[in-house]
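In case you want the letters, here they are:
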Amino acid sequence: KQEVTQIPAALSVPEGENLVLNCSFTDSAIYNLQWFRQDPGKGLTSLLLIQSSQREQTSGRLNASLDKSSGRSTLYIAASQPGDSATYLCAVRGPSNTGKLIFGQGTTLQVKP
Amino acid sequence: SAVISQKPSRDICQRGTSLTIQCQVDSQVTMMFWYRQQPGQSLTLIATANQGSEATYESGFVIDKFPISRPNLTFSTLTVSNMSPEDSSIYLCSVQAGGLNEKLFFGSGTQLSVL
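Quick note, the sequences are listed as chains A and B, same order. Numbering of the first sequence is given in this note's numbering, commencing with residue 3 and proceeding in unit increments. Numbering of the second sequence is given in this note's numbering, commencing with residue 43 and proceeding in unit increments.
Calculated from the structure, these hints are not laboratory results. Every residue gets a Cβ at the ideal spot worked out from N, C-alpha and C, and that includes glycine. Be a bit skeptical, because a hint or two may be false.
No farther apart than 30 Å at their CA atoms in a straight line, the calculated lysine-lysine pairs in the DSBU-like style are these [stated by the list, open to error]:
id: 1; chain 1: A; residue 1: K44; chain 2: B; residue 2: K107
id: 2; chain 1: A; residue 1: K102; chain 2: B; residue 2: K107
id: 3; chain 1: A; residue 1: K44; chain 2: B; residue 2: K49
id: 4; chain 1: B; residue 1: K107; chain 2: A; residue 2: K3
id: 5; chain 1: B; residue 1: K145; chain 2: A; residue 2: K44
id: 6; chain 1: A; residue 1: K44; chain 2: A; residue 2: K3
With the Cβ distance kept under 7 Å, some of the chain A side facing chain B (calculated, not the full set) [what the hints assert, rightly or not]:
id: 7; residue: K44
id: 8; residue: L46
id: 9; residue: S48
id: 10; residue: L49
id: 11; residue: P97
id: 12; residue: G101
id: 13; residue: K102
id: 14; residue: F105
id: 15; residue: Q107
Okay, chain A solo, but in the shape it has when bound (with noise of 0.2 Å):
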């Protein structure tokens, strides 16, 4: 069974700082994983998204690696901004294009100015 981990649970940091979050899971055969942020009392927006076959994504500010071999994924924030606190969820989808998303409980992110 497909479990998903993220930690830190919390994390506060000043504005400008680079910053990680870490996401590992259990079962290495995944289809894709796709990271989310999360805003309170909202849903979630898509943020990158990353097929099994690729090593990382990149939007703007965000870079987004996957080592399927060992179970983790790591969204990297470039110059944080207060804008960018929210709650960032992965989750993984597999082994195959069918298979359900499996969702993380996420990382709060706290930016402060």
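Please arrange chain B on chain A, whose structure you already have, making use of the hints.
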């Protein structure tokens, strides 16, 4: 991409009543998904709603408690029946636009509180 309109955004309900949540998508999609997010927890898939067939429910969720309708390719409803305080959660609908390799898009969620 897909734009999803979900309503109501929040509601406070009495024990024993039912609430129907609506989800409207701006494009035709094959599959729509309903998730629950309990306080402090991550998302759990309730069911997958396909147009023209019965919804597929995940372990621990049953049709009598969470009936789903999917009358066309742009709309779905989830009903939370005979509510109890344990049903207090955020309910979210989502779609996978453009095929199975595409990103998952979510509605803004329905914050449900049951007294």
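Hint check results:
Restraint check: the Cα-Cα separation between A/K44 and B/K107 comes to about 24 Å, which is no more than 30 Å; the hinted pair holds. Restraint check: the Cα-Cα separation between A/K102 and B/K107 comes to about 21 Å, which is no more than 30 Å; the hinted pair holds. A threshold of 30 Å between alpha carbons decides the hint, and for A/K44 with B/K49 the separation of about 12 Å falls inside it, so the pair holds. Taking the CA atoms of B/K107 and A/K3, the gap is about 25 Å. The hint holds against a cut of 30 Å.
Restraint check: the Cα-Cα separation between B/K145 and A/K44 comes to about 18 Å, which is no more than 30 Å; the hinted pair holds. As the CA atoms of A/K44 and A/K3 are separated by approximately 28 Å, the hinted pair is consistent with the 30 Å bound. The beta carbon of A/K44 comes within 6 Å of a beta carbon in chain B, closer than 7 Å, and the hint placing it at the interface holds. Satisfaction of the interface hint for A/L46 is found here, the shortest Cβ-Cβ separation to chain B being roughly 4 Å, below the 7 Å cut-off.
Given hint, A/S48 at the interface with chain B, holds; its Cβ is 4 Å from that chain's nearest Cβ, closer than 7 Å. At its closest, the beta carbon of A/L49 sits 9 Å from a beta carbon of chain B; the interface hint therefore is violated under the 7 Å criterion. A distance limit of 7 Å between C-beta atoms decides the matter here; for A/P97 the minimum to chain B is near 13 Å, and the interface restraint is violated. The interface hint given for A/G101 is violated, since its Cβ lies 10 Å from the closest Cβ of chain B, which is over the 7 Å cut-off.
Nearest Cβ of chain B to the Cβ of A/K102: about 5 Å, under the 7 Å cut. The hint holds. Hint status for A/F105 relative to chain B: holds, with the closest Cβ pair at about 4 Å, below 7 Å. Because the smallest distance between the Cβ of A/Q107 and any Cβ of chain B comes to about 4 Å, under 7 Å, the interface hint for this residue holds.
Going down the numbered hints, you'll see the structure goes against 10, 11, 12, while the others check out.
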